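Q: Chains A, B, C and D supply the protein sequences, listed in that same order.
Sequential numbering from 1 applies to the first sequence in the working numbering.
Sequential numbering from 1 applies to the second sequence in the working numbering.
Sequential numbering from 1 applies to the third sequence in the working numbering.
Sequential numbering from 1 applies to the fourth sequence in the working numbering.
By construction, these hints were calculated from the structure, which means they are not laboratory data.
Each statement offered as a hint is correct.
Calculated cross-link-like contacts (lysine-lysine; reagent style DSS-like; alpha-carbon spacing at most 25 Å):
#1 D/Lys95 to D/Lys3
#2 B/Lys2 to C/Lys172
#3 B/Lys5 to C/Lys172
#4 C/Lys179 to B/Lys19
#5 D/Lys80 to B/Lys37
#6 B/Lys19 to C/Lys95
#7 A/Lys5 to A/Lys126
#8 C/Lys182 to C/Lys48
#9 A/Lys19 to A/Lys2
#10 D/Lys95 to B/Lys37
#11 C/Lys95 to C/Lys172
#12 D/Lys182 to D/Lys256
#13 C/Lys182 to B/Lys19
#14 C/Lys172 to B/Lys19
#15 A/Lys5 to A/Lys19
Here the structure is a predicted model, which means the values were calculated and not measured.
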Amino acid sequence: MKTIKEQLEDIPGTYVFTKERSRLGLHLNLFCTSLLKAANREEFLRDEPAYLAKFPLTEEQRRAVLERDWIGMVRLGANIYHLSKLGGTDRKTFQYMAGCMTGMTQEDYRAMMLAGGRSIEGNRSKSEQKTGA
Amino acid sequence: MKTIKEQLEDIPGTYVFTKERSRLGLHLNLFCTSLLKAANREEFLRDEPAYLAKFPLTEEQRRAVLERDWIGMVRLGANIYHLSKLGGTDRKTFQYMAGCMTGMTQEDYRAMMLAGGRSIEGNRSKSEQKTGA
Amino acid sequence: MAKIIAGLGTSHVPAIGVAMDEGKTQEPYWKSLFEGYGPVRKWLAEVKPDVVILCYNDHCAAMPPDTIPTFAIGVGDEFKPADEGWGPRPVPVVKGDPDLAWHLVESLVLDGFDLTIMHQLQVDHGLTVPMSITCGQPKEGPVKVVPIEVNVVLYPQPTGRRCYALGQAIRKAVASYDKDTKVVIFGTGGMSHQIHGERSGLINKEWDTAFLNDLTANPQRLVDLTHVDYIRDAGAEGIELIVWLIMRGALNDQVKEVCRHYHVPASNTAAGLIVLENR
Amino acid sequence: MAKIIAGLGTSHVPAIGVAMDEGKTQEPYWKSLFEGYGPVRKWLAEVKPDVVILCYNDHCAAMPPDTIPTFAIGVGDEFKPADEGWGPRPVPVVKGDPDLAWHLVESLVLDGFDLTIMHQLQVDHGLTVPMSITCGQPKEGPVKVVPIEVNVVLYPQPTGRRCYALGQAIRKAVASYDKDTKVVIFGTGGMSHQIHGERSGLINKEWDTAFLNDLTANPQRLVDLTHVDYIRDAGAEGIELIVWLIMRGALNDQVKEVCRHYHVPASNTAAGLIVLENR
Ligand SMILES: [Fe+3]
Ligand SMILES: [Fe+3]
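Can you make the complete structure from the sequences, with help from the hints?
A: Right under this line is the structure:
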């Protein structure tokens, strides 16, 4: 029988915020949390590298923030709700961030949602995707 | 049958930190919590009334702090563990604060503790005290 | 005597709040979603509860950083809207009900629920959007609210079974509150949605419909769902639906569905709403 | 396979820490208290646990202000000594065990314990004094620690019954941890004392002795004690003893008392210590 962790990791295109990601992304998420204050948002936008230097991020995490590599940040332990503070600082919506992560254009992503969203069929399991079921 | 609250209030010389006291003393306790930071302790000691003005205390609470009326503060909703931050700021011990609250001299209180502490006999219930049992 | 008379489940999509705050509810994108909210506003205005027990989740906005309670309860006099990164919503301060909240604390903790007590708490879209959905845009907080906050963000979330049990304990707690008080309980979050990763945009209408159906008639099936079930079938963020089970647990076994609304999309999300009255 | 091999109950009186930090342990006031700690230090040095699960209570020092978890767990890599109003204690940073801590989180939450997860946590005398009592004054943290923090300050505290049940769930959780790990669990606080109000200075040696006796032989009597029992008979702050029941619940039904120490006074408090080994 698969463990819960194995079952969660088998879901395609999904990065469940587990203890592993929570530990990996702790300081990245704390950076995002700091943006809950308007003064910090302004300071960050004035000089992003200088602001980021206050947080013990990995080089990869720092790059991903500066490039607004949303899926990269998720892979490096960021949680979407923390990221939404960075998105808010940029005046970007959840739909913008989600769209970026799918690799679709914003227009295509919006159109997919208007048409009823992404289907669950073929999206339950990585194995399901490999066999093209 | 007595409610839990009635049973707790029947214990003599005791102010259980219930929701009522917690609500009454919220800002008094938050003032104490602010003294966890050394810089705040210094600022408080430099000008106590000015520092206290930052907290929405009642006039009675303000007076009790300034006078270090320890039992008064407890009656106004302070919790002893919060008070210990004010005590620490004054470099006073728990034994000093507790002694003050009993109305005994510090010497008598210390001697009582060395002799085995206050007896439970006659100290379980207010009614027990009234009847002298 | 206090009494829970009904429960309400609703999504709390932040974009719904933004649409209201920016006056866009009549635009084509939003019109039919908001039309579906008409009946519930009418219902709530008629029922006129004294208090709403509002179960929701914070989105890493207002809880102390690094601190993740499984269940927290706000016992303050009021709750200010949180700045979530784009300034606080222009909605009224939410009025609390410390008397009922502390009664719940005592009853629930003595019953073995390990609550985190919050003297002061700001509230994010998880709480303010359901208020807007159900009450519109009043100048002042229209009803007292007791917030119950649930961790749905960090695995392990509480199980659906535990949420349902919390609801049952809330039912018992309210029944022992001696003030004459009419209570409606909200469970908010969901429905199916995923807003991170390459699978973002997932919507599972069939699953949502079955969830809404079974909420009335067969809650035991929902109580047995696992974390993996929610995340796989309703999307990673669809696991918010466990919060609805607190609401359901607080109702009688027999309930009547008063109204329902389901709309896709609200931003990335399937927006659902249901009202259940005790029978 | 991980295993809890023993439990330790001890007071955590701040003045005991101060006496050690200021080199006063050989003064007449303190000498016989510290002499009684000799056997437990020897025992612990021989047992050499890999991890201590240390159940304690914060004293309004290190938890976020306004936020009172019933049960919190520290999952960080390390825990710095807190400044409690007179500067932090000059003791080493406490090393954490995030792997075991997160394993406990998952097991306990899925088991229906509503923990508050703390990524970062400073630790006050409730945790550092038991480390000093049992390990002396090493330069570095001598053993990894998983802190479990309990609300004993604000009524309603968890019941003794709930604390015992948490201990039983910890026993189960440790047994399912797949790393070869020797665990000792501490329960700290108490014994009888009251440090506020006109009744300050209360000591109830008879009650404490019965508590120590029944911890080994008849824990069910202790599990049935109410909040009022503790507060009335062991002093308002003596209710800290509920934390010892977590430790006891984590042990086997049958335990052997290895050593015991009881001394009055340590400042305002009856200082007790007991070591129980699983049999
Ligand atoms: Fe949400
Ligand atoms: Fe203590």
